[in-house]
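Chains Z and H, in that order, are what the protein sequence lines are. Take 2 as the starting number for the first sequence in the working numbering and just add one per residue. Take 2 as the starting number for the second sequence in the working numbering and just add one per residue.
Simulated from the structure, these hints should not be mistaken for laboratory data. It is possible that some hints are incorrect.
[As the list claims (entries may be wrong)] Covered stretches of chain Z (in silico footprint by chain H; criterion: 3 or more residues with CB under 8 Å from a CB of chain H, positions within the stretch not fixed):
#1 51–59
#2 87–93
[Said to hold, decoys possible] Calculated cross-link-like contacts (lysine-lysine; reagent style DSS-like; alpha-carbon spacing at most 25 Å):
#3 K59/H with K96/H
#4 K22/H with K4/Z
#5 K22/Z with K38/H
#6 K4/Z with K59/H
#7 K38/H with K59/Z
#8 K4/H with K59/Z
#9 K38/H with K59/H
Predicted model only: the values in this text are computed from it and were never measured. Cβ coordinates follow ideal geometry from the N, Cα and C atoms, glycine included.
Residue strings, one per chain:
Number of protein chains: 2
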Amino acid sequence: MPKPERQVLVCVNSRPPGNPKGSCAQSGSQTLFDRLKTLLTDRGLDRRVMLNRTYCLKHCSRGPVIAVQPDNVFYAGVEAADLDEICAEHLEGGKPVERLVMPDIPWE
Amino acid sequence: MPKPERQVLVCVNSRPPGNPKGSCAQSGSQTLFDRLKTLLTDRGLDRRVMLNRTYCLKHCSRGPVIAVQPDNVFYAGVEAADLDEICAEHLEGGKPVERLVMPDIPWE
């Protein structure tokens, strides 16, 4: 098996309750990861797309954050209901889901 | 600040001692991450290159594993002594360090 066609990075970084930065884990990113893992398998993408959990992806205020490489696309505020669209439009169709794309903001 | 010119992913996944898969953490990847963080700052790359720690990058037997996106390059068995070369040749020069590139092997 060659290297992945795409790599999907899901931030599951966790910070203690009350931390002013918050964290993607607090926003439910582990559930997103689990759901995406199932979707990739169901769609037969799991051998082409490598799914990885990460620590902080440096956009804490816009979480949950997901990055798709090698497209260098960062998604902000992803919800479970968005995952089918990300799979269909981006991972299968090759077109990023523009409405979810992270704006050009400073890294946190 | 726009999205990163490159994203460097360092697997720091940890497994308990005795686990047959081993882990990049056991191979010293957290030390690699710390060293790379310093190098990026020293070379003024820290605002162009986003450095992230990840969970498993699925090449456990070849750790420590580092991936560089959007080049879709995976490195195997990276040692601290390799990091200067990765910075100079790849992150500054744009040419992957071929001797460290992961072979086309199945994901683990």
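Here's how the hints hold up against the structure:
With 8 residues carrying a beta carbon less than 8 Å from a beta carbon of chain H, the segment 51–59 of chain Z meets the three-residue requirement, and the given coverage holds. Check result for the segment 87–93 of chain Z against chain H: violated, 0 residues qualifying (beta carbon to beta carbon below 8 Å, three or more required). Proximity of K59/H to K96/H is assessed by CA-CA distance (about 24 Å); at most 25 Å being required, the pair is judged to hold. Among the hinted pairs, K22/H with K4/Z is consistent with the structure: their alpha-carbon atoms are about 20 Å apart, no more than 25 Å.
A distance of roughly 21 Å separates the Cα atoms of K22/Z and K38/H; the hinted pair therefore holds under the 25 Å criterion. Of the pairs offered as hints, the one joining K4/Z and K59/H holds, with about 11 Å between alpha carbons and a cut-off of 25 Å not exceeded. At most 25 Å may separate the alpha-carbon atoms for a hinted pair to count; K38/H and K59/Z meet this at roughly 14 Å. For the hint pairing K4/H with K59/Z, the CA-to-CA distance comes to about 11 Å; that is within 25 Å, so the pair holds.
The suggested pairing of K38/H with K59/H holds, with an alpha-carbon distance near 23 Å, which does not exceed 25 Å.
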